[in-house]
Amino acid sequence: MTQYSICVDLNRCMGCLACSVACKMVNDVPIGSFWNKMLRIGPNPRYEGAEVPDVDMYYLPVQCQHCGNPECVKVCPTGASQKVADGTVQIDKEKCIGCQFCVMACPYGVRYLNADEKVVEKCTLCEQKTSQGELPQCVINCGGRARWFGDLEKGIDSFVAYDEPHSVYGPSLSYDAMAASRVAMGGYVNPYSSSDVYTLPDVGNKPSMRYILRNKKWQG
Amino acid sequence: MATQWPLVIFTLALCCAGGLLFMQSLMAILGKGSAKFQKLAAITNICVIVIGGIAVFFHLQHWERIFNGFGHITSGITHELIMVVLALAILIVFLVMLKKGELPKWAAYAGLVIAALMVFVTANSYNMAARPVWNTFAWYLFIFADAYLMGAIAAWLLGAIAGDETKFAGRQSFFAAIAKAVAVAIYTAVIGGIKFASVGHYFDPTQPTKAVAETGSYISRMLSGDLAGAFWAGVVIIGIVAVLVIAFMKKDAEAKDVTLWAGTACCCAVIGAICFRVIFFALGSSVFLFY
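Those protein sequence lines, which keep their order, are chains A and B.
Heads up, the first sequence is in my numbering, so the first residue is 1 and it goes up one at a time.
Heads up, the second sequence is in my numbering, so the first residue is 1 and it goes up one at a time.
Each hint should be verified, as a subset may be incorrect.
[Claimed, not checked] Pairs of lysine to any residue residues, derived as SDA-like cross-links and limited to a Cα-Cα distance of at most 20 Å, are as follows:
hint, chain 1, residue 1, chain 2, residue 2
1, B, Lys32, B, Ala107
2, A, Lys95, B, Leu81
3, A, Lys93, B, Gly69
4, B, Lys32, B, Asn135
Treat the hints as calculated values from the structure; they're not laboratory data.
Make the full structure from the sequences, and use the hints.
So, in C-alpha cells, the structure goes:
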C-alpha cells in the first residue's frame, strides 16, 4: 500500500518560510490559516546547565501528518475526511458539514475552518500536483533542499526532490527539464541513522511525516 | 480552545434528557410516580432534546448537508444522533402507552438502557487522545454524575408540579449531588497530573520569546487562574454546594413545599453544568501545542 509522505531534514532547514509561502500561493490558503507552518524550537542548552552561547535550536515545519490511523477520519460524521489510495488524508468539501470535530481530534492543530466556504481545510500534500507526477509545492520551493517527497513504504532514502540545476545544464536545460529532474534523498543528504529519524508525538494516530535531526536533542 | 456554546447546550440537553429518562424509567420500574408525572416527564424530555437538537445546528457550518452522507459509524456525532432518535422513539412509546394506561415494565427497562447509552455516547464523543484533559475516564464519571443530578432534580421538580409524593426523587437529588461532588473532585485530581511541555516558540521576529501556548499546570488555571471564578463560584458553590444544601434540607418535604426549592436547585445544577463545560473547552488544548 502506498503512503505518500514528506521527510524534512531539519539540519538543512534554515527557517526561510518558503514552504509556508509556496503553500499559501499554490493552495490559496486564507489569511490566518496555515496548512504548513513553522515552529522555532529553542534555543535549548546543549548540555545540563549550559548558557548562551552553548545553546542550539532548529526549525520545525508542521503540516497535516497524513496519519496511518487518522483520528480526523474516525470522527468525521459524513465521511468527508477520508484516507485515499495514495495514503494521504483528503477532505471532500462537498460532504463537509463544518462540525469541526476533526479540528478537535487532530493532535497537531493543522486543520482550519475556511470561514468563507464554511468547510474545514488542511494540507492536501498538493494532491492536484502529485496525481500528475509532480512534487508538492513546498518540496519544490524548499530553498535548503530540506524537504523530500515519496512513498513511505519504500523507505525515506527513496524520497525525492528537484535535482540541482547543474545536473541538467546544457542544451536540455529548460524549465520542463528542471521540473522533471529528481534526486533521491538517500544519496544527497548527510548520513543519518535510524535514531536520527523522528515523528511528531504519536497518540495512536501514526503520523506518516518524518523528520531527520542529527546531533541535537529532539524536542518536537 | 474557545467555548463552543452550541455544543455546551447540546451536551447539557443530552445529559438532562438522559438523566430524566433514566429517573422516570427507574421510577416506573419501582412503581413510583403517577401517570401524570410520567406524561409530564416525557413531554419535558422531548422538549429538552429538541432544544439541544436546535442548538447543535448552530454549530454546523453547513447544516443543509446533514443528509449528505451523514452516518459514518465511527463518528461520535453519528452515535449521538442514533441515541437521540432512540430516546425520542422510546419517549413517544411512553406517551402512547400512558394514553392506554400504565407504562409497561419492558418500556421502562428499554428507557433505562437507552438513557445510559445516550449519556455514554455524549461523553465518548469528546474522548479524544489529541486532547489530554478530555482523554480521561474522569470525564465519563463527570458526565454520568451530571446526568444523574439533572435527571434527579428534574424528576423532583416535575413530581412536585404533578402533585406526586416527591421523597424518592428528593433523596435521589441529594445522592446525585454527592455523586457529582465526588466526580468533580476525581476529575480535578486527574487533570492535576497533566502537564504540557513547551515545544517551541512562535516564528515571529517581533515576539522572539513568546511561548506558543500556556504550558503551566492546567489545574492551577482551574483552581486559581483565569477559570477559578467559573470553577469555584459556578461549579462548586452554585452547582454542587447550593444543590446539596437544598436537597438535604428539602428532600423529605411535601410536594407543595418542594416546587420552588426544586426549581432553584434545577437552575443551580444547570449553571454548574454550564460552567464545567466552559472550563472543559478552555482546558481542551492539544497534546502538541502550537498556533
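So, against the hints stated earlier in the document, which numbers end up violated here? 4
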